[in-house]
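Trainee: Residues per chain are reported as follows:
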Amino acid sequence: DAGITQSPRHKVTETGTPVTLRCHQTENHRYMYWYRQDPGHGLRLIHYSYGVKDTDKGEVSDGYSVSRSKTEDFLLTLESATSSQTSVYFCAIRGQGVQETQYFGPGTRLLVL
Amino acid sequence: AQSVTQLGSHVSVSEGALVLLRCNYSSSVPPYLFWYVQYPNQGLQLLLKYTSAATLVKGINGFEAEFKKSETSFHLTKPSAHMSDAAEYFCAVSDGDGNKLVFGAGTILRVKS
Numbered sequence: 001d002a003g004i005t006q007s008p009r010h011k012v013t014e015t016g017t018p019v020t021l022r023c024h025q026t027e028n029h030r031y032m033y034w035y036r037q038d039p040g041h042g043l044r045l046i047h048y049s050y051g052v053k054d055t056d057k058g059e060v061s062d063g064y065s066v067s068r069s070k071t072e073d074f075l076l077t078l079e080s081a082t083s084s085q086t087s088v089y090f091c092a093i094r095g096q097g098v099q100e101t102q103y104f105g106p107g108t109r110l111l112v113l
Numbered sequence: 114a115q116s117v118t119q120l121g122s123h124v125s126v127s128e129g130a131l132v133l134l135r136c137n138y139s140s141s142v143p144p145y146l147f148w149y150v151q152y153p154n155q156g157l158q159l160l161l162k163y164t165s166a167a168t169l170v171k172g173i174n175g176f177e178a179e180f181k182k183s184e185t186s187f188h189l190t191k192p193s194a195h196m197s198d199a200a201e202y203f204c205a206v207s208d209g210d211g212n213k214l215v216f217g218a219g220t221i222l223r224v225k226s
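Residue numbers (our numbering), protein chains in the order written: chain Z, 1 to 113; chain C, 114 to 226.
Some hints could be false.
Unchecked claim - Covered stretches of chain C (in silico footprint by chain Z; criterion: 3 or more residues with CB under 8 Å from a CB of chain Z, positions within the stretch not fixed): (1) 159-165; (2) 217-226.
Said to hold, decoys possible - Here are the simulated lysine-lysine pairs, DSS-like style, with alpha carbons at most 27 Å apart: (3) Z:Lys53 to C:Lys213; (4) C:Lys213 to C:Lys225; (5) Z:Lys70 to C:Lys213; (6) C:Lys213 to C:Lys171; (7) Z:Lys57 to Z:Lys11; (8) C:Lys171 to Z:Lys57.
Calculated directly from the structure, the hints in this document are not laboratory data. Note that beta-carbon positions come from the ideal geometry of N, C-alpha and C, so glycine has one too.
Can you make the complete structure from the sequences, with help from the hints?
Mentor: Written as structure tokens, this is what we have:
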């Protein structure tokens with residue numbers, strides 16, 4: 001298994017509060033990704049990083065921000081959580097080559113009340 | 114822009130029967146194509162990937178998929194279903210430089226005894 005951990009694994013929070021999810025890798029991979037999974041939508045890309053301090057938006061980035069100050073850590077922040085952000089969040093990592101596979105973490109289940 | 118369509122949100126087969134999960138893609142560039150499997154409350158695991166080396170791709174757990182450019186398809190098959198194959202399956206296509214994946218909505222496979 002790829003060395004990816006996510007924390008917390010489960011979180012319940014209230015509307016309007018900030019939330020930060022952490023993704024940690026031990027593979028020294030350049031690329032890291034945050035997705036959300038919702039029924040009927042598959043996985044949708046929120047943000048991704050192609051290096052330390054280098055990030056870009058994905059398909060559903062509104063309401064989310066990210067930071068990557070170290071190769072191994074990629075943080076996803078919900079500045080002011082809303083009920084529409086209730087979802088399962090997955091982190092993924094990928095190596096340098098064009099044909100490299102994305103490997104996924106175990107996920108974080110977030111409930112916004 | 115790339116997109117993926119998975120026909121059938123739910124597929125039910127009997128144990129020992131053929132498994133066929135359909136995936137059609139659109140891409141303006143030669144694609145890289147992936148099938149992932151997700152067991153309940155887990156992250157996504159790579160089943161197989163197409164990277165233009167061979168049109169018939171063999172993966173783990175007896176699954177295989179055939180890339181058909183003329184049909185823009187990448188259907189997943191397994192000759193004989195096993196109870197342990199019950200899971201959700203996702204087809205995905207990457208952009209030209211491999212940075213991002215676009216996922217289909219997923220197909221839940223049920224295996225009946």
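Trainee: Under the criterion that the straight-line Cα-Cα distance not exceed 27 Å, is the pair Lys70 (chain Z), Lys213 (chain C) satisfied?
Mentor: holds (21 Å)
Trainee: Sort out whether Lys213 (chain C) lies within 27 Å of Lys53 (chain Z), counting only the CA atoms.
Mentor: holds (18 Å)
Trainee: Three residues or more, CB to CB closer than 8 Å: is that satisfied between the stretch 159-165 of chain C and chain Z?
Mentor: holds (count 3)
Trainee: Are the Cα atoms of Lys213 (chain C) and Lys225 (chain C) separated by 27 Å or less?
Mentor: Violated. Lys213 (chain C) to Lys225 (chain C) sits at ~35 Å, over the 27 Å cutoff.
Trainee: Are the Cα atoms of Lys57 (chain Z) and Lys11 (chain Z) separated by 27 Å or less?
Mentor: holds (24 Å)
Trainee: Please verify whether Lys171 (chain C) and Lys57 (chain Z) have alpha carbons no more than 27 Å apart.
Mentor: Violated - the C-alpha atoms of Lys57 (chain Z) and Lys171 (chain C) are around 33 Å apart, more than 27 Å.
Trainee: Three or more residues of the stretch 217-226 of chain C near chain Z by CB distance under 8 Å?
Mentor: Holds: 3 residues of the stretch 217-226 of chain C have a Cβ under 8 Å from chain Z.
Trainee: Holds or violated: are the alpha carbons of Lys213 (chain C) and Lys171 (chain C) at most 27 Å from each other?
Mentor: Within the cut-off at roughly 23 Å; holds.
Consistency with the previously given hints fails for numbers 4, 8, ordered from lowest to highest.
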